[in-house]
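A.B. asks: Each chain, written out:
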Amino acid sequence: MAEPFTTLTSLPMPLIRDNIDTDQIIPSREMKSTGKTGLADGLFAGWRYTDIGGRDADPNFVLNDPQYAESQIILGGANFGCGSSREHAVWALVEYGFRAVIAPSFAPIFAGNCMRNGILPAVIDPDAIAVMAEAKGPVTIDLGAQKISIDAGQSWSFPIDDEAKAMLLEGLDAIDLSLKMATDIATWQEADRAQRPWIYLGANQ
Amino acid sequence: MQKWGLFLPEPSSLFDKLWNSHVVTALPGGGALVAIDRVFLHERTGASALNSLAEAGRPVADPARVFAVTDHIVDTRPGRTDKTLMPGGQAFITETRAAAKAAGITLFDVNDPDQGIVHVISPELGIVLPGCTLVAPDSHTCTQGAFGALAWGIGSSEAEHAMATGTLRLNKPKSMRVSFSGTLAKGTTPKDMIMTLIAQHGAAGGKGHAVEFAGEAVSALDMEGRMTLCNMATEFSAMSGFIAPDAKTFEYLNGRRYAPKGTDWDAAAESWKELVSDDGAVFDTSIEIDASAITPMVSWGTSPQDSGSICSAVPEDAGERSLEYMALDKGQKLAGTPIDAAFIGSCTNSRLSDLRRASALLKGQKIASHVKAICVPGSSRVKREAEAEGIDTIFRKAGFEWRESGCSMCFYAGGESFDAGARVISTTNRNFESRQGPGVKTHIASPETVVASALAGAIADVRELL
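If you're matching them up, the sequences are chains A and B in order. Oh and the first sequence: position 92 is 92 in my numbering, straight run, nothing missing. Converting from the second sequence to my numbering requires adding 1000 to each position, the first position being numbered 1.
Some hints here could point you the wrong way.
With a cut-off of at most 25 Å between alpha-carbon atoms, the simulated SDA-like pairs for lysine to any residue come out as follows [what the hints assert, rightly or not]:
id	chain 1	residue 1	chain 2	residue 2
1	A	Lys-180	B	Ala-1164
2	B	Lys-1172	A	Asp-162
3	B	Lys-1003	A	Asp-162
4	B	Lys-1186	B	Arg-1356
Between beta-carbon pairs, the in silico distance windows are [unchecked claim]:
id	chain 1	residue 1	chain 2	residue 2	range
5	B	Pro-1028	A	Gly-137	36 to 42 Å
6	A	Pro-126	B	Gly-1182	34 to 40 Å
7	A	Asp-65	B	Pro-1063	45 to 51 Å
8	B	Pro-1078	A	Asp-176	29 to 35 Å
9	B	Pro-1028	A	Asp-65	40 to 46 Å
10	B	Arg-1077	A	Pro-126	45 to 51 Å
11	B	Lys-1172	A	Ala-166	14 to 20 Å
Honestly, the hints are just simulated from the structure, not real lab data. Note that the structure is predicted; figures quoted are calculated from it, not measured. Heads up, the beta-carbon is just placed ideally off N, CA and C, and yes, glycines get one too.
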């Protein structure tokens, strides 16, 4: 079960590049065990360290800028999280301490993975993201109101579907919710089996 | 229950039929609980998902409809075992094996004759079928949409959800039809079709959409070509890509191990004929592309949208960052750029027809002496069938390594890679920074373009060989 997400105020870390893929968020070489942890050190490893596989911080990369050390929000570019479906990208973000990504668009699998792990993927116009980055101050996200604001007074709305919102707000587990619908599922499968028996594989294949 | 689901619009699209026929129930908030017919796991994330389910005390609802394969990090050198070139990779294989056994699901293991890349073996075994929903924790699951299935990639949590409940909670995406009219010219391939679409409409061009590929040039493709086309729907940011099934689809699947048999087959094939977009079906977005105008494509940057015709140059508005990484200049002609390596493999282009076309160009030729070249068949079956035709000998004599099947050097997991910073022409689907190894500069292209380039030692136009 993910940590509930209600409101969040944090200095956002600007990483405004289009098409940031999950290979950059967590390179495959940094996925070293079958577990879901031990990934924070690998977050943005290719950009964060001076050498591939090394651990010497590259001071030119924004994640290593001390002012963003406590940042919980990333300002990203379009098509954020494209590429591989690896949920490790989101697990690494969570483990490092990020709770939200604000970007003009997200790759669909990445956005789904975010929702399942208590990270808010907020879709915001690139011009507004530029204003947030320029402000160089904290950003407040109010999920209930679907609103993002900065201290200067400006605010922007973001869309999110009702279920994703409710699940993030309450930290609900999707499997628990769906298992409560076991009777609906069984009824549907019984009817479907009569129409498409070939879908329901037996032991004889 | 109506055959293609309740509330089906008239006329309806193929996507409407695939979607509505799997809606178990509507969810509050506008989404739907959607039935999942097949789940496919691989060893990179399979153990994680299965162990997480087991720890939560949640059984796999129907293990007979869940499969797993070792493809992602398995060694592709001859005589392989569980040992991997990726440090610590063996644990991914052994833990997936143990977890698959405990869950009672079918695993195609390291040296199983049916082992291979998940999206190559699923059709080979008739696991994907027209009209089914199939998910896998792998973004290229959309490959299998070539069979008229709704197949898409998901994360680990969603894989757990699909296995525990037989469903996923989804919002219906918008629908798009991409129509390719006309006929492909000589030397151009389905890879060039999908690369053209992404170059023209961007790597986020399909966002929020489920994409039907249609038109004369798509119908003309064989099943393997259709898989190449659908494979890169994820590089277009689409939920999935799919093609209406036809006689070629049925012929391919008939007799496959998990495909229906006897009267079931007859009933299935009859119902699958209705899996087409009706005349007048409405799409949220439509794109038309003239296939006859498509030329061989090659990427120049670090996103699949950074691609152009083999006869073109790096555009003047190319991003500085990707050009710096790729060590290319604006205005530089793509053809003639020297390469260090060539790779033929991956779920995009490693099937028998890909290897046949590549070997026809390689026969009796030698690749440039400085080029490291590797061919990795997409499945153990593809490898056997290619060897029976002598294709392996042609590749070896030309200077290629010939491997066991797997995902191999499509991505770098910490084990095998090309030399640091090497320039590689590759039949894979992603040209991201360091995707194929530290600093490796990947140019994605068709098998034909890869062969022409390996022979020339530089990016080359295959049409000059025809």
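A.B. asks: Can you let me know if the beta-carbon spacing of Lys-1172(B) and Ala-166(A) is within 14 to 20 Å?
C.D. replies: 18 Å Cβ-Cβ, so the 14 to 20 Å window holds.
A.B. asks: Sort out whether Arg-1356(B) lies within 25 Å of Lys-1186(B), counting only the CA atoms.
C.D. replies: Holds. Lys-1186(B) to Arg-1356(B) sits at ~16 Å (cutoff 25 Å).
A.B. asks: Does the Cβ pair Pro-1028(B), Asp-65(A) satisfy 40 to 46 Å?
C.D. replies: At 43 Å between Cβs, range holds.
A.B. asks: Under the criterion that the straight-line Cα-Cα distance not exceed 25 Å, is the pair Lys-1172(B), Asp-162(A) satisfied?
C.D. replies: holds (14 Å)
A.B. asks: Please test the hint of 34 to 40 Å on the beta carbon pair from Pro-126(A) and Gly-1182(B).
C.D. replies: For Gly-1182(B) against Pro-126(A), whose Cβ atoms are near 36 Å apart, the range 34 to 40 Å holds.
A.B. asks: Please check whether Arg-1077(B) and Pro-126(A) have a Cβ separation lying inside 45 to 51 Å.
C.D. replies: 46 Å Cβ-Cβ, so the 45 to 51 Å window holds.
A.B. asks: Tell me if the beta carbons of Pro-1078(B) and Asp-176(A) are separated by a distance inside 29 to 35 Å.
C.D. replies: violated (47 Å)
A.B. asks: Tell me if the beta carbons of Pro-1028(B) and Gly-137(A) are separated by a distance inside 36 to 42 Å.
C.D. replies: Cβ of Pro-1028(B) to Cβ of Gly-137(A): about 37 Å, so the range 36 to 42 Å holds.
A.B. asks: Hey, Lys-180(A) versus Ala-1164(B), does the alpha-carbon distance stay inside 25 Å?
C.D. replies: Measuring from Cα to Cα gives roughly 12 Å; hence the hint holds.
A.B. asks: That 45 to 51 Å hint for Asp-65(A) and Pro-1063(B) (C-beta), does it hold up?
C.D. replies: holds (49 Å)
A.B. asks: Take the C-alpha atoms of Lys-1003(B) and Asp-162(A), compute the straight-line distance between them, and say whether it is at most 25 Å.
C.D. replies: Measuring from Cα to Cα gives roughly 30 Å; hence the hint is violated.
The structure fails to meet hints 3 and 8 from the earlier list, while all remaining hints are met.
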